[in-house]
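Peer 1: Construct the complete structure from the given sequences, taking the supplied hints into account.
Listed in order, the protein sequences are those of chains B and X. Counting from 1, position 24 in the first sequence corresponds to residue 23 in numbering that gives the first Met the number 0; the numbering is continuous, with no gaps. Counting from 1, position 304 in the second sequence corresponds to residue 303 in numbering that gives the first Met the number 0; the numbering is continuous, with no gaps.
Calculated directly from the structure, the hints in this document are not laboratory data. A hint or two may mislead.
[Claimed, not checked] Here are the computed lysine-lysine pairs in the DSS-like style, where the Cα-Cα straight-line distance is at most 25 angstroms:
(1) B:Lys43 to B:Lys63
(2) X:Lys249 to X:Lys86
(3) B:Lys11 to X:Lys339
(4) X:Lys249 to B:Lys11
(5) X:Lys86 to X:Lys182
(6) X:Lys249 to B:Lys63
(7) B:Lys13 to X:Lys249
(8) B:Lys63 to X:Lys339
(9) B:Lys43 to B:Lys11
(10) B:Lys34 to B:Lys57
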Amino acid sequence: MRIQVLGTGCAKCKQLTANAERAVAELGLAVAVEKVEDIREIVKFSVMSTPALVVDGKVRSAGKVLAPEDVKALLRA
Amino acid sequence: MSTSEADTDAKPVACCSNPWDGVKPGAPPRSTTLPTAVLLGLGLAAWTAAYAIIHPLADWLSFGALGLSRGSHLGEAVAFFLYDTPKVLLLLVLIVFVVGIIRSFFTAERTRAILAGRRESFGNVLAALLGVVTPFCSCSAVPLFIGFVEVGVPLGVTLSFLISAPMVNEIALVLLFGLFGWKVAALYLVTGLTIAIVAGFTLGRMKLERFVEAWVYESMKAEATFERERLGFTGRVRKGLEAVREIVGKVWPWVLAGIAVGAGIHGYVPEGLLASFMGKSAWWSVPAAVLIGVPMYSNAAGIIPIVEALLGKGAALGTVLAFMMAVIGLSLPEIIILRKVLRPQLIAAFVGVVATGILLVGWLFNALI
Numbered sequence: 000m001r002i003q004v005l006g007t008g009c010a011k012c013k014q015l016t017a018n019a020e021r022a023v024a025e026l027g028l029a030v031a032v033e034k035v036e037d038i039r040e041i042v043k044f045s046v047m048s049t050p051a052l053v054v055d056g057k058v059r060s061a062g063k064v065l066a067p068e069d070v071k072a073l074l075r076a
Numbered sequence: 000m001s002t003s004e005a006d007t008d009a010k011p012v013a014c015c016s017n018p019w020d021g022v023k024p025g026a027p028p029r030s031t032t033l034p035t036a037v038l039l040g041l042g043l044a045a046w047t048a049a050y051a052i053i054h055p056l057a058d059w060l061s062f063g064a065l066g067l068s069r070g071s072h073l074g075e076a077v078a079f080f081l082y083d084t085p086k087v088l089l090l091l092v093l094i095v096f097v098v099g100i101i102r103s104f105f106t107a108e109r110t111r112a113i114l115a116g117r118r119e120s121f122g123n124v125l126a127a128l129l130g131v132v133t134p135f136c137s138c139s140a141v142p143l144f145i146g147f148v149e150v151g152v153p154l155g156v157t158l159s160f161l162i163s164a165p166m167v168n169e170i171a172l173v174l175l176f177g178l179f180g181w182k183v184a185a186l187y188l189v190t191g192l193t194i195a196i197v198a199g200f201t202l203g204r205m206k207l208e209r210f211v212e213a214w215v216y217e218s219m220k221a222e223a224t225f226e227r228e229r230l231g232f233t234g235r236v237r238k239g240l241e242a243v244r245e246i247v248g249k250v251w252p253w254v255l256a257g258i259a260v261g262a263g264i265h266g267y268v269p270e271g272l273l274a275s276f277m278g279k280s281a282w283w284s285v286p287a288a289v290l291i292g293v294p295m296y297s298n299a300a301g302i303i304p305i306v307e308a309l310l311g312k313g314a315a316l317g318t319v320l321a322f323m324m325a326v327i328g329l330s331l332p333e334i335i336i337l338r339k340v341l342r343p344q345l346i347a348a349f350v351g352v353v354a355t356g357i358l359l360v361g362w363l364f365n366a367l368i
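Peer 2: Dropping the structure here:
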């Protein structure tokens, strides 16, 4: 599993990264949450609002700071 | 519609499709509609009752319970604070809730699909209007810009959106309405939209596409697709409540500070203090306000206390409006972010045209009112 957070480094992006890390830890997954901060890389995902959460190359959420619980629900699905 | 894998069909945009833990993503939300409607009705009734009671309550508290005398400096200031605080907070909650629901219909992707293929002029008007209702955060300005341009939305139309989105702000609108009445609020709304439309159109005419970083145009797409979120009635009400929690939770200290400043002015400061150098007769006060305002950055709620202080001390409305628009409409952080996709020439034209628009609005109001 590959988890990426897209965002150019604003406060919301940091919050989403922290929430995703917490969700990963609580689920006991052995994956690191990657941060994608380069705008040209972000655009390749066709995302128009940041922060966005990408799981295994698929955009699962955009423009929203998901709570750790929401990230967990996404990862389980 | 994009042809993604079949298993994503039930959950189009995963960010919001499943607010109910444990409920299957595809389950129809109909079963919750009736209880939500009842709760919403009760909420609105409570809101109306609260709004009706705050004025007599504030008067009773300040002149009855606290024993302050009507017409005294302290009495008037306290009564103003006790009345305006609940009034503005109630208005804020209602408007943010309504805007939250409206915004659940307008994702950035959907707005893009509406604007794709529009020509200039009508496209500029549409973009400015959509800028008000589409959720926007200045940190998303660049992906949004690229997203618009890559599906062929004209540069000027895209810029109309990027001007209107931060400048015409619903919180500022509510606070202006609550503190200064509907005329000032309407002036702010209409002039903000006009600047976004005219400035975007002007920039479009200037043919500045060559000053957009070349790589932006490398990833052109044929069509703008968007996937509709199936939220249902309950989901939208939930979005409205989320917006209230997030926005009101963040801005209420600013609102309190603003009203406290206003209360102080209301009770103590003699009128006309600033009239000599920020009044109508001082033509240079408008450009000065814009020059000071552009490098400043504040959220819409934070600027209102200053607006209130300036207006209360006799500054002219046009000058104050220009100052406010310069602060929230043109911000240094957003310009720095946009530099990633726009060359300095285009940034300069953007700031120049928008600042000129704000300047003209300031002078116009000082001349008319």
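Peer 1: Next step is simple, just say for each hint if it's right about the structure.
Peer 2: Consistency of the hints with the structure:
| no. | hint | in the structure |
| --- | --- | --- |
| 1 | B:Lys43 to B:Lys63 | 19 angstroms, holds |
| 2 | X:Lys249 to X:Lys86 | 18 angstroms, holds |
| 3 | B:Lys11 to X:Lys339 | 20 angstroms, holds |
| 4 | X:Lys249 to B:Lys11 | 13 angstroms, holds |
| 5 | X:Lys86 to X:Lys182 | 18 angstroms, holds |
| 6 | X:Lys249 to B:Lys63 | 16 angstroms, holds |
| 7 | B:Lys13 to X:Lys249 | 17 angstroms, holds |
| 8 | B:Lys63 to X:Lys339 | 22 angstroms, holds |
| 9 | B:Lys43 to B:Lys11 | 20 angstroms, holds |
| 10 | B:Lys34 to B:Lys57 | 15 angstroms, holds |
Consistency with the previously given hints is maintained throughout, with no hint failing.
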